[in-house]
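Residues 5 to 463, numbered by the numbering used here, are exactly what the first sequence covers, in order.
The set of hints was computed from the structure by calculation and includes no laboratory data. Some clues are possibly wrong.
What the hints assert, rightly or not - Under the rule of at most 27 Å between Cα atoms (straight-line distance), these lysine-lysine pairs were calculated in the DSS-like manner:
id : residue 1 : residue 2
1  : K20       : K398
2  : K232      : K103
3  : K175      : K299
4  : K447      : K458
5  : K95       : K59
6  : K132      : K149
7  : K59       : K85
8  : K25       : K241
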Amino acid sequence: MWSILALLRQEPGRLKAYVEKRLMDPSIVDEAYETDVEWRKLLTRLNQLRREHNKVSRSIGRTKDPEERKKLILEARGLLKEIEIMEKQLKEIEERREKLLFSLPNVVEDDVPVGDEDASIPIRFWGKPKVWKEHVKAFLDQTAKYGFHVDYDVIDERPVGHADMLENVLKLGDTLKAGEVAGSRFYYTFKDIVFLEMALLSYAIDKITSKGYTLVIPPYMLRGKVIKSVIDLETFKDAIYKIEGEDLYLIATSEHPIASLYYKEELYDDELPLKFAGVSPCFRKEAGAGNRDLKGIFRVHQFHKVEQFIFALPEESKKLHEELIKNAEEIFQGLELPYRIINIASGDLGACAVKKYDLEVWMPAQGKFREMVSASNCTDWQAYRLGIRLVRRKGMERSYVHTLNSTAIASTRAITAILENYQNQDGTVTIPRVLRSYLEIYKEAPHDYIHPIKRITKK
RNA sequence: GCCGGGGUGCCCGAGCGGUUUAAGGGGCUGGCCUUGAGAGCCAGUGGGCAGGAGCCCGCGCGGGUUCGAAUCCCGCCCCCGGCGCCA
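Given these sequences and hints, build the entire structure.
What follows is the structure, encoded as structure tokens:
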């Protein structure tokens, strides 16, 4: 059985406490509980009626006497009328129940800080951030305030922001023209930035696949009922693009189609865990973002991502969640980008996850750590909705698998981090050492530095 | 896109309006047997309600006809073959 339904029936009070932790209205638990009880009662009554009808109906087939048949048919018709009425009632309640169950969020892991966004806490730091002298106070607010003593280098010159770096210094991006022809939050990137993106993706693919993850390019669009099972309503409203006139939706991450890979299937315990490295473009409306990060390519409608995804045994999902964030950390350590890991607070988890780690890289120009990676443990929340069952060979017991996901690299975000952390006084950008071998394969790709250009030449 | 064939449980596969039971097989699980394994035998193996037996639902999805539908009708989805179109 789905763990949330079991909890709803057995310990609704505990479920309510979890909903409260998420700063959501706990009355939906009461509503779901009552509707479930009502549904079960009505279902039992209806089944009794259906039983009567089945009995009569079957006896007609055995009855030869035409008079007797006529009588039985009339009796069956009478029962059918009653059934029809009750079925209508049941359907109504069932729809309500389904909607309520689907709106229930997952539980919350015990070690998740309780509260809104501000309650999220850093749990570890890596690297030596470059902090502009006027950002030092802000930096300490993001480190020492939480009891961490993070080594840093003070820089005197104000760093150039990633957006300026891309468009005005390097002149290798154009969000103005993209804005005119496609809309804001779209972009053109050129030449070395494109090579850099290719290298970042290859590097992440290389790293994750060498850990045994299966490389996959999934469908970039999904049917409505499938994508709605994978994500929560909020994400759906804020992020998802629809194809006009068709029941198709553009994915916001390859998490969505990879989770759907075993839609309505059974997985046996001895074949788990199943690990995937997905590569895909991601399409996001960013409807809830307002005016945030309008400049540059930090928050855009379209980017490329290498994603990690795992189908897991329930008893292993915690451990594998740590594995996912460790993998992501390895990637950013390789890139030598200073970062911190955040344990996301209960109010900011999203309905699917019981726990979420973000990896945030220090952005010298912004004076902030910014999200590059998000790693979630969804336990059986997604799997229940997708109908991905777990069959344990011992006793052939059935339940639901656990699913986990994490970014490996998100192209545009990683590029902004490199632009801010690797910029030099002369306007060049040093290429992270680890990416160099992935650039060698292109004849025109840069080797050590990305140099500014005059303008994009139209040869 | 058009024409034809098809979609049945974890898998294969029969059934094509009514003998209360989706036959049969494979796989898997449990038990018996065995020093152990195998073979053999028995039972279980879709979802739900009740959890004692029992009952209801379920044959790609959604409707419809009928007292009764896997079976007949309509719409949609997908797969296979042929024709057309096309990176």
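Evaluation of the provided hints:
Between K20 and K398 the CA atoms are separated by roughly 33 Å; this puts the pair beyond 27 Å, and the hint is violated. A hinted pair counts as satisfied when its Cα atoms are at most 27 Å apart, and K232 with K103 qualifies at roughly 12 Å. Of the supplied pair hints, the one linking K175 and K299 holds, its CA atoms being roughly 14 Å apart against a limit of 27 Å. Of the supplied pair hints, the one linking K447 and K458 holds, its CA atoms being roughly 21 Å apart against a limit of 27 Å.
Between K95 and K59 the CA atoms are separated by roughly 23 Å; this keeps the pair inside 27 Å, and the hint holds. For the proposed pair K132 and K149, the alpha carbon gap of about 17 Å is at most 27 Å, so the pair holds. In summary, the hint linking K59 to K85 is supported, as the alpha carbons are separated by about 16 Å, within the 27 Å threshold. Among the hinted pairs, K25 with K241 is consistent with the structure: their alpha-carbon atoms are about 23 Å apart, no more than 27 Å.
Consistency with the previously given hints fails for number 1 only.
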